[in-house]
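Peer 1: Listed below are the residues making up each chain.
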Amino acid sequence: MHIGLLRRVERSFGSVEALGPVDLDIGRGEFLSLLGPSGCGKSTALRIIAGLLAPTKGEVVWPDGKPRVAFVFQDPTLMPWAKVRDNVRLPLDLQRIPRDEAEARAESALARAGLMGFSDIYPRALSGGMRMRVSIARALAAKPQLLLMDEPFAALDEISRDSLNQTLLNLWREDGLTIIFVTHSIYESAFLSTRIAILTPRPGRIAGEFRSAAPPSRTSEWRLTPEFAHGVRTVSGALREAMAGAQRQGYSDSPELTALTESSA
Amino acid sequence: MSASRISRALLPLIVGIAVILAWEAIVAAYRIPRFVLPPPSAIAQALIGDFPSFMISLWTTLRVTLLAFFLAVVSGVVLAVLFSQSRMVEMALYPYAVVLQVTPVVAIAPLIVIWVGFERINLALLILAWIVAFFPILSSTTLGLRSVDHNLIDLFRLHGASNRQILWRLKLPSALPYLLNGMKTSGGLALIGTVVAEYGAGSGTATGLAWRIVEAGNRLQIARMFAALFLLAVLGIAIFAATATLEYLVLRKWHESAIKKEI
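Protein chains in written order, with our numbering: chain A, 1 to 265; chain B, 1 to 263.
It is possible that some hints are incorrect.
[Stated by the list, open to error] Straight line, CA to CA, 30 angstroms or less: simulated DSSO-like cross-link-like pairs of lysine-lysine:
1) K66/A to K143/A
2) K184/B to K57/A
3) K66/A to K253/B
[Claimed, not checked] A few chain B positions that, by computed beta-carbon distances, are all more than 12 angstroms from chain A:
4) L67
5) S84
6) H150
7) G160
8) P173
9) P177
10) G188
11) V196
12) W254
13) H255
[What the hints assert, rightly or not] Label-pair distances were calculated between CB atoms; the ranges are:
14) Q101/B to R240/A: 57 to 63 angstroms
15) M116/A to A18/B: 57 to 63 angstroms
16) M1/A to P95/B: 55 to 61 angstroms
17) G128/A to A233/B: 44 to 50 angstroms
18) S147/B to P216/A: 50 to 56 angstroms
19) E256/B to M116/A: 55 to 61 angstroms
Just so you know, these hints were derived from the structure itself, not from any lab. All C-beta atoms, glycine included, are put in the ideal place defined by N, C-alpha and C.
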């Protein structure tokens, strides 16, 4: 049912409280967006979930053991000296998976990320959107159960971004992945997610959660529907409230989880 | 494109020929004595006339320079890797590396020569040249090892990389452009170090190009002095060209610094 649970997780850096306390249940197979303004601790939360950062207080519980995790950063974070294929093969090489198998998995991940025929070139020769595809292919090659993405499309132009959104949705649906997607774009979260958690400004706390009515097999067309517009309106309203609430310092120690469910389409 | 490339090679050549011709003409016109300024033709004569002995000196200097350079690269990289693996080692040793760097090599040359002994003068020269050439490798490689993309380190750790894998697959390749840049500096310094050490070692012991200059100067054979100087310059240019070419060949496919050269 749940792949992971955050229990009153807090993190501070020196005297700065960056996050929490946060309670969050990660459902198996869901596409969960963490939506919030810059500097609200979204990335911190993601790094704690990845195990790259230890929480100052609280804990992350994995009911069925820690899943295989892959991470996609805001920058493509590729090794410039390695060809596209070697970049994608990296997680497999680190786990000492036999060369032939690793090669095959890398090629298949590249094809699925829309990079057929780009294996032999260096990252330098690729556009920003293409580099991000390499980064996604590298994550896919590791066959993750949980994919963590930290504002992966924030630096891209809208055309690349839409196209990558679609690719990501397809991969999520086909692989039954669980994805946690950090973003500060309301539209992106409303389009991609099955669930959105809104974080307040620092220290980040969860101000509200929303389930999206988006059909699993949505395409860009869905952006034009009234349901999508409604979702965007609800989420942006809640985000505005969270920001205003934070400015009023009106938050109690345990933020209330307002589980609004949208009227299903 | 090709026109600018041709003029890039041609213009310095024209300037060089013009300067040589003017030099020859001025020396002849003003009857400047040969022990003040020999004409280029006399320098060429000195060089050709004594060619075998010059080549032996060139080889002596070159051998010490290359060996010192090689040792500097190996020891600099090894020490930089040690520094990057252990902060304690770095804190303990870095100040001494700096001391070695800031002490003028001329000042320590006599000491090293005495310690090593005049009968092994080439070893003394090697040590002195290595001291000069070593620091740019150490500092540039240390900087390179520290400049690794932190997200990439996180990514490596996330996928279960060992420290050794992080070193070989991430840190060393990241440091490569820095190392190659340090090598360009260090190659030239190895030559300077060798020459200075030859001077510092004193007369009658060394047989390299610097000794040729001292010897010719003592005998007022200024043309021979210029000839040795010319060979030293050629050697310096060759070393720089070799390291710059190495840098270009290694980095051209992937590093940002190599892009502009291609366009």
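Peer 1: Hints numbered earlier in the text: which of these fail when held up against the supplied structure?
Peer 2: 2, 3, 6, 7, 8, 9, 12, 13, 18 and 19
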